[in-house]
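One letter stands for each residue in the lines below.
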Amino acid sequence: MKSFNRRNALKLTASSIALLMASSAVFSQVKITVTGGQFTPLPIAIPDFASSDASFGLELSDIVRSNLTRSGLFNIIDKASLPLQTGDVAQTPNFSSWQSTKADALVMGQVERTAQAQGSVRVWDVQASEQVVGKSYSTDANNYRRIAHQISDVIYSSLTGEGGYFDSKIVYVAESGPKANRVKRLVIMDYDGANLQYLTSGKTAALTPRFSANGKLLTYINFDDGRPQVYLLDLASGKQQRLGSFGQVTFSPRFAPDGRTIIFSVEQGGTTNIYSMPIGSNKPKQLTSGAAIDTGGSYSPDGSKIIFESDRGGSQQLYVMSASGGGAQRISFGKGSYSTPVWSPKGDLIVYTKQSEGQFHIGIMKPDGSGERVLSSAFHMEGPTWSPNGRVIMYFSDPGGNNGAALYSIDIWGRNLQKVATPTFASDPAWSPLLS
Amino acid sequence: MRFSLSISKIIRTLLIIGLVGFISACARTPTNNIDGGTPGSQQEFLVTVGDRIFFDTGSSIVASVGQETLNKQAVWLNQYSNYNIIIEGHADERGTREYNIALSARRAAAAVNYLISRGVSANRINSKAYGKERPVAVCNDISCWSQNRRAVTVIN
Numbered sequence: 017m018k019s020f021n022r023r024n025a026l027k028l029t030a031s032s033i034a035l036l037m038a039s040s041a042v043f044s045q046v047k048i049t050v051t052g053g054q055f056t057p058l059p060i061a062i063p064d065f066a067s068s069d070a071s072f073g074l075e076l077s078d079i080v081r082s083n084l085t086r087s088g089l090f091n092i093i094d095k096a097s098l099p100l101q102t103g104d105v106a107q108t109p110n111f112s113s114w115q116s117t118k119a120d121a122l123v124m125g126q127v128e129r130t131a132q133a134q135g136s137v138r139v140w141d142v143q144a145s146e147q148v149v150g151k152s153y154s155t156d157a158n159n160y161r162r163i164a165h166q167i168s169d170v171i172y173s174s175l176t177g178e179g180g181y182f183d184s185k186i187v188y189v190a191e192s193g194p195k196a197n198r199v200k201r202l203v204i205m206d207y208d209g210a211n212l213q214y215l216t217s218g219k220t221a222a223l224t225p226r227f228s229a230n231g232k233l234l235t236y237i238n239f240d241d242g243r244p245q246v247y248l249l250d251l252a253s254g255k256q257q258r259l260g261s262f263g264q265v266t267f268s269p270r271f272a273p274d275g276r277t278i279i280f281s282v283e284q285g286g287t288t289n290i291y292s293m294p295i296g297s298n299k300p301k302q303l304t305s306g307a308a309i310d311t312g313g314s315y316s317p318d319g320s321k322i323i324f325e326s327d328r329g330g331s332q333q334l335y336v337m338s339a340s341g342g343g344a345q346r347i348s349f350g351k352g353s354y355s356t357p358v359w360s361p362k363g364d365l366i367v368y369t370k371q372s373e374g375q376f377h378i379g380i381m382k383p384d385g386s387g388e389r390v391l392s393s394a395f396h397m398e399g400p401t402w403s404p405n406g407r408v409i410m411y412f413s414d415p416g417g418n419n420g421a422a423l424y425s426i427d428i429w430g431r432n433l434q435k436v437a438t439p440t441f442a443s444d445p446a447w448s449p450l451l452s
Numbered sequence: 037m038r039f040s041l042s043i044s045k046i047i048r049t050l051l052i053i054g055l056v057g058f059i060s061a062c063a064r065t066p067t068n069n070i071d072g073g074t075p076g077s078q079q080e081f082l083v084t085v086g087d088r089i090f091f092d093t094g095s096s097i098v099a100s101v102g103q104e105t106l107n108k109q110a111v112w113l114n115q116y117s118n119y120n121i122i123i124e125g126h127a128d129e130r131g132t133r134e135y136n137i138a139l140s141a142r143r144a145a146a147a148v149n150y151l152i153s154r155g156v157s158a159n160r161i162n163s164k165a166y167g168k169e170r171p172v173a174v175c176n177d178i179s180c181w182s183q184n185r186r187a188v189t190v191i192n
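Protein chains in written order, with our numbering: chain A, 17 to 452; chain B, 37 to 192.
Honestly, the hints are just simulated from the structure, not real lab data. Note that the structure is predicted; figures quoted are calculated from it, not measured. C-beta atoms are modelled at their ideal positions from N, C-alpha and C, and glycine is treated no differently. Mixed in with the good hints, there may be bad ones.
What the hints assert, rightly or not - The calculated label-pair distances, taken between Cβ atoms and stated as ranges, are:
#1 G343/A / I97/B: 40 to 50 Å
#2 V172/B / E373/A: 24 to 34 Å
#3 V172/B / S338/A: 38 to 48 Å
#4 Q115/B / G209/A: 56 to 66 Å
#5 G285/A / S100/B: 21 to 31 Å
#6 R160/B / K219/A: 50 to 60 Å
#7 V174/B / A157/A: 45 to 55 Å
#8 N120/B / N211/A: 45 to 55 Å
#9 A196/A / I97/B: 37 to 47 Å
#10 G306/A / S153/B: 18 to 28 Å
#11 S386/A / I97/B: 29 to 39 Å
All chains, please: the whole structure from these sequences, using the hints.
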């Protein structure tokens, strides 16, 4: 019989926000409290990965331990207290010796680096004495850190039942110089901050980067002296080009899930409306009309709907309409104004920026507007982006004055708030899909 | 110490002389003084007419103070028709980045429309939208935010 062990508890925790919002009575018999700080991270043992180059094994196992720790869902058991210091993927573990460590899960890994970087991993359920998953990976030797991220993803997803998010990239706006005239450049880095690389020169400000569905293209605005324009950037070639000529102020771009349609906003005589266009067609279709500011469009993952912000009712609020335009329904009704909505890649939630009582907040709600939940609040915060698995949110927060913005991440349960380390001030994070 | 005191005294005296000179010049001929710029100069537009108007939080309505400034701008621009202008819209930092681009554009449009209504030809006017990316005042309270919510008329 499958009991509700802690591994299953983790799955339940990670699987659904509904758990948070459901009445506790439904789940009370399994005695899982997932709200607030009361959740207990899953104890997991990760001996150093075996390798013919021990320092390589250590480096990759350290990346995995760091990833899982940062997720907030795992408690990595102190290496010194483990029965084995180095993993062995060939043998079935001696479970009784591992059970005394109080670990619920055990990870054994082996990695090598020659012309290719290769890794094998097996995840074991220590309490049930059975294998959860076994996988092997290989990649170009220069990208060896990806092996550690892929291993982290398989551990995370096999134990939580959710997709992973470690084998991914972050693009953000690196900001430097005096506040009144900041240099704003696009930067790409691995999820964990490694392999940082500048994408734009900074001659003109580049803002609001967003990934295409396959992670190969970016769209962003080139803020050339008060005339923002939507641009496309091919990450493989570095080629940057303007989307087209649709108006003096063209901004707020985002890709549709089909990968070939782009949505953006055009200002004309003080009025801003939303358009969609197949890339290269040069024929934008107007989706909203009227004298208001309609912007911040974001598609549902099935491509059938668009959530956007509009001040048509007086203040900024969130509306959902059909992807072909029309039938807009307001979904935000709380106190304050709502903006920058982004549909979760899982489809179950909307993340947004909220302003109320002189503060900024990052919050989530269901696509019908129910279940509103503020996750984080400060003097300023905005611009949320979803992790590939739709369970972590990254945003930026600026303390104001001559200071500058920094990136933060938090999970959808409002736990595990972390500052994301960047060498400069940073804003407008965009999280890529899984690289795979 | 004594030395620096006397320096500051001299500066103060000079300032007072300058100020008196400026005021008396204004009193004589408001549009024909050195400090306010020669008539029809960019300096005159900046100092005597005023190049910017301010908005309330989230608003693009040109309030009465702003209307007075734009009235003066329109009179001046109609007199010196050799200039074209760019209206630069701006927002403060208490809004989200994308909305502020649209809001700053709406402010610029409000100023453009007002000037057109006062007889300035539309084809002399261009506009820009800077969002909250170019603050002029940097601090954490309303004294700065209110200066940053602006539309600036740049002549060229």
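Going down the list of hints, with the structure as the test:
Between G343/A and I97/B the beta carbon distance is about 31 Å. The supplied range of 40 to 50 Å is therefore violated. Separated by about 27 Å at the C-beta atoms, V172/B and E373/A satisfy the suggested range of 24 to 34 Å. The beta-carbon spacing between V172/B and S338/A, approximately 42 Å, falls within the hinted interval of 38 to 48 Å. Separation of Q115/B from G209/A is about 59 Å and conforms to the stated range, judged on CB atoms against 56 to 66 Å.
The given range of 21 to 31 Å is respected by G285/A and S100/B, whose C-beta atoms sit roughly 23 Å from each other. Look at R160/B against K219/A: about 29 Å separates their beta carbons, and that is not inside 50 to 60 Å. Against the hinted window of 45 to 55 Å, the Cβ-Cβ separation of V174/B and A157/A comes to about 47 Å, which satisfies the hint. Taking 45 to 55 Å as the suggested C-beta distance range, the pair N120/B and N211/A conforms, at roughly 48 Å.
Judged by the Cβ atoms, the range 37 to 47 Å given for A196/A and I97/B is violated: they are separated by roughly 26 Å. The given range of 18 to 28 Å is respected by G306/A and S153/B, whose C-beta atoms sit roughly 22 Å from each other. Here the CB-CB span from S386/A to I97/B is close to 35 Å, well matched to the stated 29 to 39 Å.
Hint compliance for this structure: hints 1, 6, 9 are broken, all remaining hints hold.
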